[in-house]
Amino acid sequence: MDLAYTDEEEEFRARLRAWLGKVLPTLPPPPDPRDWPGRRAYDTGWQRLLYEAGYAGLHWPEDAGGRGATPTQHLIYLEETERAGAPYVGANFVGLLHAGPTIAAEGTERQRRRWLPPILRGEEVWCQGFSEPDAGSDLASLRTRAVRDGDTYVVTGSKIWTSHAEVADWCELLVRTTPRADGTPKHHGISWLAMPMDAPGVRVRPLRTLAGSTEFAEMFLDEVRVPVGNRVGAQDDGWRVTMVTLSFERGTAFVGEVVACRRTLGEVARAARANGTWDDPAVRRTLGRLAAEFSVLWRLTQWNVSASQHALRTGGSAVPGTGASVFKLRYSQARQLLYDTAATVLGPHAPDGDHPWTAERLSSLSYTIAAGTSQIQRNIVAERVLGLPKEPRGLPERSAPPWTSG
Amino acid sequence: MDLAYTDEEEEFRARLRAWLGKVLPTLPPPPDPRDWPGRRAYDTGWQRLLYEAGYAGLHWPEDAGGRGATPTQHLIYLEETERAGAPYVGANFVGLLHAGPTIAAEGTERQRRRWLPPILRGEEVWCQGFSEPDAGSDLASLRTRAVRDGDTYVVTGSKIWTSHAEVADWCELLVRTTPRADGTPKHHGISWLAMPMDAPGVRVRPLRTLAGSTEFAEMFLDEVRVPVGNRVGAQDDGWRVTMVTLSFERGTAFVGEVVACRRTLGEVARAARANGTWDDPAVRRTLGRLAAEFSVLWRLTQWNVSASQHALRTGGSAVPGTGASVFKLRYSQARQLLYDTAATVLGPHAPDGDHPWTAERLSSLSYTIAAGTSQIQRNIVAERVLGLPKEPRGLPERSAPPWTSG
Amino acid sequence: MDFRLTDDQRALVGALRDLLAARFDRTALRAAVDAAEAEGGTATPPRDIWRALGETGFFGLRLPEADGGVGLGLPEAALLFEEAGSALVPGPLTATHLAAGAVPGAATGEAVVTLLDARVAGPHSVAHLDAADAVLVLTADRETAEVTVAEASAVRRRAEPLRSVDPLTPLHLLTMADISEITLNGTVPARAVALRREAAVLEAAQRVGSAGRMVRMAVQHAREREQFGRPIGSFQAVKHLCAEMLVRAELARTALYAAAVTADPYETAAARLLADEAATRNARDCLQVFGGMGFTWEADVQLHIKRSWIPSVCGQESAADEDMLAEWLL
Amino acid sequence: MDFRLTDDQRALVGALRDLLAARFDRTALRAAVDAAEAEGGTATPPRDIWRALGETGFFGLRLPEADGGVGLGLPEAALLFEEAGSALVPGPLTATHLAAGAVPGAATGEAVVTLLDARVAGPHSVAHLDAADAVLVLTADRETAEVTVAEASAVRRRAEPLRSVDPLTPLHLLTMADISEITLNGTVPARAVALRREAAVLEAAQRVGSAGRMVRMAVQHAREREQFGRPIGSFQAVKHLCAEMLVRAELARTALYAAAVTADPYETAAARLLADEAATRNARDCLQVFGGMGFTWEADVQLHIKRSWIPSVCGQESAADEDMLAEWLL
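Protein chains in written order, with the numbering used here: chain A, 266 to 671; chain X, 266 to 671; chain L, 3 to 332; chain B, 3 to 332.
Derived from the structure by calculation, the hints contain no laboratory data. If you're wondering where the values come from, they're calculated on a predicted model, not measured in any experiment. Even for Gly, the Cβ is constructed at its ideal location relative to N, Cα and C. Check each hint, because a few of them may be wrong.
[Stated by the list, open to error] Simulated crosslink set (DSSO-like; lysine-lysine; CA at most 30 angstroms straight-line):
(1) K655(X) / K451(A)
(2) K451(A) / K655(A)
(3) K655(A) / K451(X)
[As the list claims (entries may be wrong)] Partial list, derived from the structure: chain X residues whose beta carbon lies under 10 angstroms from chain A:
(4) A499
(5) D501
(6) R505
(7) P546
Next comes chain A alone, as it looks inside the complex:
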């Protein structure tokens, strides 16, 4: 139980901090959030700087062009960049954290050479085509189909919740290469393809969220031709290929967010003190409770990182599934409470849609839904961690006709 960082870790932190101090003041002003090409340029520019300074692909294995950093170093990197107000991973997210690691682990040598360096250098942007409107939480029930025609797949279907689709060069796409048959598990027959976003038949439509933003898009694929050579892993083995990416998760997924939430919490407390809402003990105690929540969420992050670092050192692949679900259940709740409390502190200004806390309050509504609803997370904890039996399968019985109100 050692919470002190090693000399090596502290040295890594000091070097990073020095570099950030030097480079951040030289950055251009951030682009307008609605300016997609501007955002792409800004994000990839930052990635180029990271690459030149030796921080690109920090947590990637060295043989994939990464730096092979330990999970603790990655944690320090995320903590320090958030603290310093460095740009977010942004448009490079899918490339660096999903598609890249997948190709590194499962791609052929040729595929690795083709796709990995441009990601690290900030030259190519990837997006993700996994979710579908009819699949929802049941991701593996996806229906986008790919029919083989010689050396190409002909892909038809639709995807949703795709970020940066407007400016991406590539899409990591899950498709059904073998139709579902009765009795076979639904995650069979899926393949993983790298689809060029400029291929004919790809149509992108911005998807407006309840927060009013168009961070996401829908993607409609109409007989899009993707070379068979763009398939990573074997045909019909795409589900396993995708799951491999998870083994790159080292408990660091929310480091930056927790650091940011703690900063915001301090700002909310100071705003409360300034406008007098601090004098309401209910407000003050909720702030204190949130201080405890985010303090322990930070410690839980360290715990998960320690666990995965140990697993890596002793056995190789680390999938801290337990910690991740436990963390996400509590974090999504704490984050929603944080912005509800911020609204109380804002008082008459709480409905101001231009206030960043109000915008965050809206977007925090997705935290109990996206990437596995809280209900799904509780199932994971109950079944995979606690070993409780699964539910029976089969079709539900009909109920009596519903009661009507009035």
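We have chain A; now place chains X, L and B onto it with these hints.
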């Protein structure tokens, strides 16, 4: 939407109040709670007084010896007796509210003549033998079996959560007269018997609850012989017979408790004011929130009573299942919060096991469990009120071996 | 005692429900959202809806028949406002209803009247100020006084617009100093204390309506949407979410009806607390049932969430209601 | 940074777990309950358990080896107290541990030492006074002073017994006036402020242990108990109850370990808040999973519920912790 009582209802209240004012001061002191014979004598004595004053079986139909009062009159009766601090129904509970109404509705003329008058006059006490240790929430899966032997049933099995078993004359007993076969619904094959408690083979063992009290007992039945003539309703039709009792529920089940909780809430508020905990806004606001909760629970009681009074007037049987589950879900929560708040107000005295609020805090723990857990109530609301589909039947799949702590 | 709705009350509710189905269905609601976005909120409420409501007697409901009203009471008004809340009808419904008989055109829906309650320390928000003709003003020092009226333009001159999180509830803010500068040009024959209580009931009614709508929307979705090979409503997690939503909506509705019938200040505070909780939490739970589908701009659940975040007209903070209810116990 | 337990720490925990399995299993626990009931609580803690714990170094854990201790730190103590909390070992574990080295016999478990913290306005409760030999006394005006010691009999003379809701934690109450009359006859070389912080960690550890035990008991029951033809643990409602219990226990444990390692006052307050919440709510949820079966005197879940209702030694109210943590943010 009329919350005013009619002149007739007000007159009923005034007469009752006058009678209570006259009779209550003449009552002997209540017995020690551990003195079962004393409690029986006290409770049946009170029932005798009610009988003589014309209040016995107030809500029973007139042809069963009752007064045929409206649900509103019954509500007034329960409200006024609680307010005046009159004795509780106590040992007469099962007779007056469960067994009696069942016999009134489903018994033969002979059975009605034999069993109903002694209940109304406070001469015979009933207990209930429904629950079984292995059945729990799944009441209909009961296993106590009755084998027919000429003119008698030979009954073997065990029952649990039986109140007043020590002093009861009769037990309303659910038994399985036809063994369960695969595929038949589990509530088939059940019969309703009136079992004399002094029959050979009946053994009663007090069941101590976590509150330390022995309000309940376990009952072990070893080849107890019950005459076939003691069966109410047809053989194997006992589940329906039992359900009939529910049609006597007019939304009045918790009237006394809500009145009592509101009185206690006022006492807690005044205690808080006296000892300074009132100055903590969190305590004060919780008390205010509870005032709102119990105020609306009282109004919901009136709403449910109005609904069942209307249903009675227009169609006959009223089963306000909706209102009852909605009420119980919220009431059990509010009641637990009430006594948790009382503990906060008591401060260092909260762990005093002799303080009535601490005893109530313990017994309130059962409210989300007994008579249908909150989980079962939510199922009822979701399926029967909202018409959501039932869960699939069948056996659950095995999960992976459980995670172990450490 | 018969707490249930009378046949007349049911008919009244049914008539408004039919009107709203014809004149303010989902398409009209989304058109109002689009128009509000296009014109920065100055387009709400739509004048045609306002007049249609006026024609049904929505605003003049409690005016004596002799004065061109319907001659009904607060319980009937609560029932109608519950329907309006279920349909999310935009606009200062409460203020215009309260102004009927005092501000010309309010009863018929020709005038749009909003309200500014300056009871507590500012800043104070006013909804729908751009679309309003007149403003009821309740100043801090006139708790027992009659309620005053100002022209909307006089208030507008002092007010700062806010980009409201709810597209259907445009807001302005005013400081206490701004308010003292407003020229008042009339009074309403009502005491501020009574008017605040009636406002609380009518605002709670709209929240109860929204909370009930959230139950119905969640249940319909849970019955239709399939995941993992079965309707999601067959999963206990979803079932129990829906059941708790119903409990909240039913309790809040019961509290509302009791407050409307008794006009008791404590029951009104209880209704306000429970309605607020039901609207806020049911909208969130409805989103949880819809999952990602509910997170899009096109889904209506967002409109209920955002409405629930707008403070009630004449609303005070829950803490003040709770304190008041606690005093009641002593 | 490696937050995980070291092998030595695991071995330490394992050894105590084995000892408790042998010397304080379920039968011993229930025997202690029966004895406490029979003798009005004067029988707790059982002396033989106390001495057995003393032999393992439970009390002398943090004394230097030169002084006959084990020479370990607060993290190791937290791990052992977590095990003790899981087994519900009765007695003033925290006070005796804190008194080791200062009160003769405490380190070895020959003496039973309890604690009286008179920081806030009274009355003040003292646990296990009848069985105690000595009492650590922290008076209100000596926050920064050394901690004083009194003979238990001197405290007993002033104290009023209470029929404690927890049969395994007999309690006495003293007023402030009573306390001022107690003769003090020694001091402990520790500052009250540090001692209170250590006490908070050790008490939180016991609650974390209880919370974790509740998860394991609920899960085992949910896997074995069948209703409606299937294990109740296959119902989502039960599953999700258990999952939330685990989340609470894991979060509280993480907070505890962090507080034990850093000895930071804010992290200690956070650990105390989360441990309290986890113990109280997990015990209730465990009862909910057990249903009627858990409501009997024979079921152990009641003992965890009742223990969670006993205030921590040196505990302050959650509100005070929350206020302190809020100040931390400024």
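Evaluation of the provided hints:
no. : hint              : result
1   : K655(X) / K451(A) : holds (24 angstroms)
2   : K451(A) / K655(A) : holds (17 angstroms)
3   : K655(A) / K451(X) : holds (24 angstroms)
4   : A499              : violated (25 angstroms)
5   : D501              : violated (24 angstroms)
6   : R505              : violated (17 angstroms)
7   : P546              : holds (5 angstroms)
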